[in-house]
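Given only the sequences and the hints, what does the whole structure look like? Please build it.
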Amino acid sequence: MKQLSQQVDKWFLEFKTRSTRAKKSEQGRSAMRRPLKHGTGLKNIQFAALKKPEVMVKIPPRKGKTSGLRAVRNHLDYISRNGKLDLEDQDGFVYSGKKQIHDGISSAWKALGVPEKSRKREAINLVLSMPPGTNAEAVKAAAREFAHDQFGEHQYAFVQHLDEKHPHVHLCVMMKNEFGRRMDPRKSDLFEWRLRFAEKLREQGVECAATRRVHRGKTQKSEYSSLRHMRQRGKVPDVYRQQAIDLMQAIKNSFRPIHPFLREQMETRDIVSTEYGKIAREMYKIGAKAEARTLSHFAREIHSEGHTTQAQERFDHATDQIQEKYQHQSSNIER
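Whatever position you read off the sequence shown (first residue = 1), add 1023 for this note's numbering.
Don't read these hints as lab results, they were simulated from the structure.
This structure is a prediction, so every number in the text was calculated from the model and none was measured.
Glycine is no exception: its CB is placed at the ideal position from the N, C-alpha and C atoms.
Be aware that one or more of the hints could be misleading.
Computed list of lysine-lysine pairs in BS3-like fashion (alpha-carbon distance at most 27 Å, straight line) [unchecked claim]:
{"hint": "1", "residue 1": "1122", "residue 2": "1025"}
{"hint": "2", "residue 1": "1033", "residue 2": "1210"}
{"hint": "3", "residue 1": "1133", "residue 2": "1143"}
{"hint": "4", "residue 1": "1210", "residue 2": "1241"}
{"hint": "5", "residue 1": "1081", "residue 2": "1025"}
{"hint": "6", "residue 1": "1033", "residue 2": "1301"}
{"hint": "7", "residue 1": "1033", "residue 2": "1241"}
{"hint": "8", "residue 1": "1060", "residue 2": "1163"}
{"hint": "9", "residue 1": "1133", "residue 2": "1122"}
{"hint": "10", "residue 1": "1241", "residue 2": "1301"}
{"hint": "11", "residue 1": "1086", "residue 2": "1033"}
{"hint": "12", "residue 1": "1140", "residue 2": "1121"}
{"hint": "13", "residue 1": "1275", "residue 2": "1074"}
{"hint": "14", "residue 1": "1060", "residue 2": "1188"}
{"hint": "15", "residue 1": "1081", "residue 2": "1210"}
DEER-style ranges, computed between Cβ atoms [stated by the list, open to error]:
{"hint": "16", "residue 1": "1134", "residue 2": "1087", "range": "23 to 29 Å"}
{"hint": "17", "residue 1": "1115", "residue 2": "1340", "range": "48 to 54 Å"}
{"hint": "18", "residue 1": "1073", "residue 2": "1117", "range": "33 to 39 Å"}
This is the structure in structure tokens:
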């Protein structure tokens, strides 16, 4: 099993599509971060096959035009609800109230060289979250351990929010570590962060997965949270206005949008489903028959997934509605 886990880890962690290829340089990555556990690839694939929830680690869009220590203070005020919620730092110290947060965390960062105003980003803000119903204490404990292992060289502060259905933790990390080296996060780093957060959640007894969409045979991206929040506020994002214009033009011309990357997606999906089939066979050989059957079913499921784009789905839905309306009008005329 150990040899299989090592082989799967190598494939799982190194398999990349064009959108996830990172630069070979390690500059800007934490040299002291702890390695991921052996078997993390197989574990995440297994939980994905079982349809366990995917962990989320995201970098929310920056609010406002402030920078430097002033921006850090503003963000700490925001995540602490202006001091109403306690913040915890990298050493386990808890800060209560706006004054204590400013005097403790902000002053410490200033002493370490974070200027009041800066042309560079001095902190990175992360949100670590899980779906509704997940044990909130487990999420907080996992976030604490995640930050310790991933950002052990950095100053940071975090707080849990429970005002929404999904428990989540806000984590604010100084970009420079204690040696003055700055982070430069890339897509591959975000994936590693998700993998580590998933590890920590599983240690807390939460069954979850951290996989890329390609590992699940998914080709369509989910809606960006910023766009979803705009819709919920009653605003129509410009991107949706353009989609509506494109859809009307396509219907007018009776032209279904083409799939620009159909061949590439089909090839990638074939690679993934074939690899899962191989892993399932090896698992069956070593006696993990139930797990092998689950993974084999997952492989077939991925292979049979559709390849339609969101633009094609919008076109198909609109033309179906037009056809239904036409048929309804025709039946009324016949009567």
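Quick rundown of the hints versus the structure:
1. 1122 - 1025: violated, 52 Å
2. 1033 - 1210: With Cα atoms ~18 Å apart, residue 1033 and residue 1210 stay inside 27 Å; holds.
3. 1133 - 1143: holds, 15 Å
4. 1210 - 1241: holds, 17 Å
5. 1081 - 1025: violated, 32 Å
6. 1033 - 1301: holds, 14 Å
7. 1033 - 1241: With a Cα-Cα distance of about 21 Å, the restraint between residue 1033 and residue 1241 holds, given a limit of 27 Å.
8. 1060 - 1163: holds, 20 Å
9. 1133 - 1122: holds, 15 Å
10. 1241 - 1301: Roughly 20 Å between the alpha carbons, so the hint for residue 1241 and residue 1301 holds.
11. 1086 - 1033: violated, 38 Å
12. 1140 - 1121: holds, 21 Å
13. 1275 - 1074: violated, 40 Å
14. 1060 - 1188: Cα-Cα ~30 Å, so violated.
15. 1081 - 1210: holds, 11 Å
16. 1134 - 1087: 23 to 29 Å: With a Cβ separation near 24 Å, residue 1134 and residue 1087 satisfy 23 to 29 Å, so the hint holds.
17. 1115 - 1340: 48 to 54 Å: holds, 52 Å
18. 1073 - 1117: 33 to 39 Å: holds, 37 Å
This entry does not satisfy hints 1, 5, 11, 13 and 14, going by the numbered hints stated previously.
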